[in-house]
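Protein chains in written order, with my numbering: chain B, 4 to 118; chain E, 24 to 139.
Any given hint could turn out to be false.
[Stated by the list, open to error] Residues from chain B shown here face chain E by an in silico Cβ test under 8 Å; the list is partial:
| # | residue |
| --- | --- |
| 1 | 43 |
| 2 | 73 |
| 3 | 77 |
| 4 | 99 |
[Unchecked claim] Derived DSSO-like pairs: lysine-lysine, alpha-carbon spacing no greater than 30 Å straight-line:
| # | chain 1 | residue 1 | chain 2 | residue 2 |
| --- | --- | --- | --- | --- |
| 5 | B | 81 | E | 91 |
| 6 | E | 24 | E | 126 |
| 7 | E | 126 | B | 71 |
| 8 | E | 126 | B | 27 |
| 9 | E | 126 | E | 65 |
[Unchecked claim] Listed next, the stretches of chain E that the computed footprint assigns to chain B, with coverage defined by at least 3 CB atoms under 8 Å from CB atoms of chain B:
| # | segment |
| --- | --- |
| 10 | 67–75 |
| 11 | 106–112 |
In case anyone wonders, no lab produced these hints; they're calculated from the structure. For clarity, every value in this text was computed on a predicted model and none was experimentally measured. We treat Cβ as the ideally placed atom computed from N, Cα and C, and that holds for glycine.
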Amino acid sequence: DAGVIQSPRHEVTEMGQEVTLRCKPISGHDYLFWYRQTMMRGLELLIYFNNNVPIDDSGMPEDRFSAKMPNASFSTLKIQPSEPRDSAVYFCASSFRQVPGNTIYFGEGSWLTVV
Amino acid sequence: KQEVTQIPAALSVPEGENLVLNCSFTDSAIYNLQWFRQDPGKGLTSLLLIQSSQREQTSGRLNASLDKSSGRSTLYIAASQPGDSATYLCAVRRGAGGTSYGKLTFGQGTILTVHP
Numbered sequence: 004d005a006g007v008i009q010s011p012r013h014e015v016t017e018m019g020q021e022v023t024l025r026c027k028p029i030s031g032h033d034y035l036f037w038y039r040q041t042m043m044r045g046l047e048l049l050i051y052f053n054n055n056v057p058i059d060d061s062g063m064p065e066d067r068f069s070a071k072m073p074n075a076s077f078s079t080l081k082i083q084p085s086e087p088r089d090s091a092v093y094f095c096a097s098s099f100r101q102v103p104g105n106t107i108y109f110g111e112g113s114w115l116t117v118v
Numbered sequence: 024k025q026e027v028t029q030i031p032a033a034l035s036v037p038e039g040e041n042l043v044l045n046c047s048f049t050d051s052a053i054y055n056l057q058w059f060r061q062d063p064g065k066g067l068t069s070l071l072l073i074q075s076s077q078r079e080q081t082s083g084r085l086n087a088s089l090d091k092s093s094g095r096s097t098l099y100i101a102a103s104q105p106g107d108s109a110t111y112l113c114a115v116r117r118g119a120g121g122t123s124y125g126k127l128t129f130g131q132g133t134i135l136t137v138h139p
């Protein structure tokens, strides 16, 4: 299995621009998570989906952030407009509830820098 | 609100030493607890997962224990090697259904350095 695939791996953008991060979960997984990691706040859950439906988006910092999961194999996290404080590593992760233990698998992350 | 704390924040040991990393959580209503490793510039790799009904899990030189009632877990690394140098994170997953079922709450991590 290819694992959780994220793109882009690195992005540098100017303040005010739209940023779209993409994720392909592991095939067959029914949960998808978006996390953000910063030095100050560590790993924070932004939103997660179950069977393509958003379940908990309480971690989404503000209306500039939105996430979609149009099908079981693709999700996007969009920031519009971006701000320097959005600079962070954004991780996508997936898991399969029916497997005992529900180990969660992370992608390599998208490293975002907003200047 | 679940809070996860890891102690120590950083640890430096000589190669060959046995070591223990600590994780504590405030809400004992967990579904499972997972230990991850993160190398610089990389994502997280799952090391061990302990179900709430289990007391420990072992994988090679790693042993993780869970005391749910006291809200504690430890990760024991035997005969440490320079290749073990990384950040180790623990995360708890809430149980009891509801919208919090899938949510993982992470600690801040322990930065481990094993020097030759």
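Verification of the supplied hints:
Hint status for residue 43 of chain B relative to chain E: violated, with the closest Cβ pair at about 10 Å, above 8 Å. For the restraint placing residue 73 of chain B at the interface with chain E, the shortest Cβ-Cβ distance is roughly 19 Å, beyond the 8 Å limit, so the hint is violated. Evaluation of the residue 77 of chain B hint against chain E yields a violated restraint, the C-beta minimum of about 18 Å exceeding 8 Å. For the restraint placing residue 99 of chain B at the interface with chain E, the shortest Cβ-Cβ distance is roughly 11 Å, beyond the 8 Å limit, so the hint is violated.
As the CA atoms of residue 81 of chain B and residue 91 of chain E are separated by approximately 38 Å, the hinted pair breaks the 30 Å bound. Restraint check for residue 24 of chain E and residue 126 of chain E: satisfied, since their Cα atoms lie roughly 12 Å apart, inside the 30 Å limit. A hinted pair counts as satisfied when its Cα atoms are at most 30 Å apart, and residue 126 of chain E with residue 71 of chain B qualifies at roughly 18 Å. Simply put, residue 126 of chain E and residue 27 of chain B have alpha-carbon atoms about 19 Å apart, close enough for the 30 Å limit, and the pair holds.
Distance hint between residue 126 of chain E and residue 65 of chain E is fulfilled; the C-alpha atoms sit about 22 Å from each other, no more than 30 Å. Here's how the segment 67–75 of chain E fares: 5 of its residues keep a CB closer than 8 Å to some CB of chain B, so the rule of at least three is met and the hint holds. Against chain B, the segment 106–112 of chain E contributes 1 residues with a C-beta closer than 8 Å to a partner C-beta. That does not satisfy the three-residue criterion, and the hint is violated.
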